[in-house]
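In our numbering, the protein residues as written are 9 to 429.
Be a bit skeptical, because a hint or two may be false.
Unchecked claim - Restricting the straight-line Cα-Cα distance to at most 27 Å, the calculated cross-link-like pairs of lysine-lysine (DSS-like) are: (1) 189 x 203; (2) 356 x 189; (3) 236 x 189; (4) 356 x 198.
If you're looking for bench data, these hints aren't it; they were derived computationally from the structure.
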Amino acid sequence: MIDTLRLTIPAEQFSVADILWMQRQMHKLTKTDFTGASTDWSICTGFDLPSWTDSFSLTVGTRVTIEASPKIYQGHNIDGPQTLREAAYRIVDFIFGHVLRFTSWPSASLWYVARLDITYSYDFGTRPALESWFDTVAGIQRGQRRASVDFRPDEDPLAIHASPSGRTLYQGLGSRLKVGKIYCKGADLKAHPPKCLSNDANALDALVEEFQPIARFECQVRATWLSKQAVRLGLLPAYFAHDQLGQLSDNAALYFQRLGITPLSSSRSKNPIVYFPVNYLADLLDLDSVWESEFSHLFAREVAMSDDSLLRELLSLAKTPGAASRAFAFYGSVRAYGFAAARKSVGKTQFYAHRRLLGLAGVSDAMLQDGAPLIRHAPSACNVRAFTPSRERLDLVERAHSLSLPSVIARLHNEVFSRVA
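With the sequences and hints as input, model every part of the structure.
In C-alpha cells, the structure reads:
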C-alpha cells in the first residue's frame, strides 16, 4: 500500500485569495492541551487537528507542500490505497475539500512527489517467531540487538540498526535518499492507537492482539533518490544516464516541456532535485521493484550448499566464468580475513557486483557478514506469508473516524481559523 505522501506544487497553481488565506494561518497560534497548558503551534510545521483525528503538514511559500498518510481520512494506516494515483487524489481532495473547505484546488495529477512511502505487511505466525527473526536481522554478526543510531554512513550499506526494544529496525537511518523500516504492527498500534478507538479499550485490545505477529516493512523514498535513479527506474530516457545532477535537472526540464509537462526542480541545492508529477510517476514507476530493492536481501534463501555447489550456482548465474570466480574468491577472502578487510580489498563497484551475485546464489547478507562456513544442512523454514487485514475491524475504525470528522473540522474552523480570518 501507499503510506505517507509528500506532495508539492508551485503556489501559482492556487488562486491569490487561497494563498493569502493559507499564509494567514501560518502565524503562530495558541491552543490548550489536555492538561490546560497553552502551547504555540504553526501550520507551517504541522497541522494538528483537534479532537479524535490525526494531523498533516502544510507549508506555503513559493510552493505549497503537503504531507499526510491515509490515516488523515480513514483513521488508520493499516491498509489503504494500492496505487500512487489513488493515494494522491484521496489525500489532496480530503485536505483541501473537507478540511480547508476550498471551492477549488489543483488536481492531484498536477502535484509533484517529494516523498513516497511504500509498505507491505507479513504474517510471521506468532509474536515470538517475529521477535526471533528481529534478533537474527538486528544482530547479524553476534545475534545481539544493537542500539539505535542517528546516522548510517553511506559506506556501510549492509548495516541494520535496531532500537533497544527490538520493535523497529532501520536500514539507512538518517539517509536523505531512501530509508527502510521494519516493525511489529501490533506494538505500533498499542503505542500509537487510532484516536477514534482511544475510548474503546476492548476494540483496541482486539486490534492490537490481531497484529502481534505482523511485521510492517516500510520503504521511504525521497525525491533526491528518484532523481539519482531516474534512468535506472525508467523515469527518464537512457541518454540521460551520463548527465551530472545539475545538467540532468536542466535537460529533464526541456524533456518535460516537450511532453507538455511543467518542469519543477529545486534551486537551493548544488545538486538540484528533479520532481516527477503524480500521473507521470504513477505510469512509469514500478513500486514493487522499489520496495524489493530495499528489503529483498532479507528474504535471501539460505540453502544447503558446499563450496562446490556454490561455485556451480555462481557459474550458472554469472554472465562470465570470470565474474563467478571472482565472486567465489571474494567470499573466500571474507571467511579468511573477515568482512571488513575483504571489502576494503575490492572496489565499490566490484563489491556490489559480488554481493548481488552471491545473494542470487543463496548467500544472504547475514552469511556474508558472518563469513561463516557454508551451511551444509538446510535451515528450518520460518513460514511467512503476505498479510491482508480483516475488513471487519478496519471498517469499525473507519466508521468511528468518519462519525467524528464533521465536528472535528467544524471545531478547527471555529476555534483556529476564525482567529486569523
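Hints, one by one, checked against the model:
For the proposed pair residue 189 and residue 203, the alpha carbon gap of about 23 Å is at most 27 Å, so the pair holds. For the given pair, residue 356 sits about 25 Å from residue 189 by alpha-carbon distance, which is consistent with the 27 Å threshold. As the CA atoms of residue 236 and residue 189 are separated by approximately 21 Å, the hinted pair is consistent with the 27 Å bound. Between residue 356 and residue 198 the CA atoms are separated by roughly 42 Å; this puts the pair beyond 27 Å, and the hint is violated.
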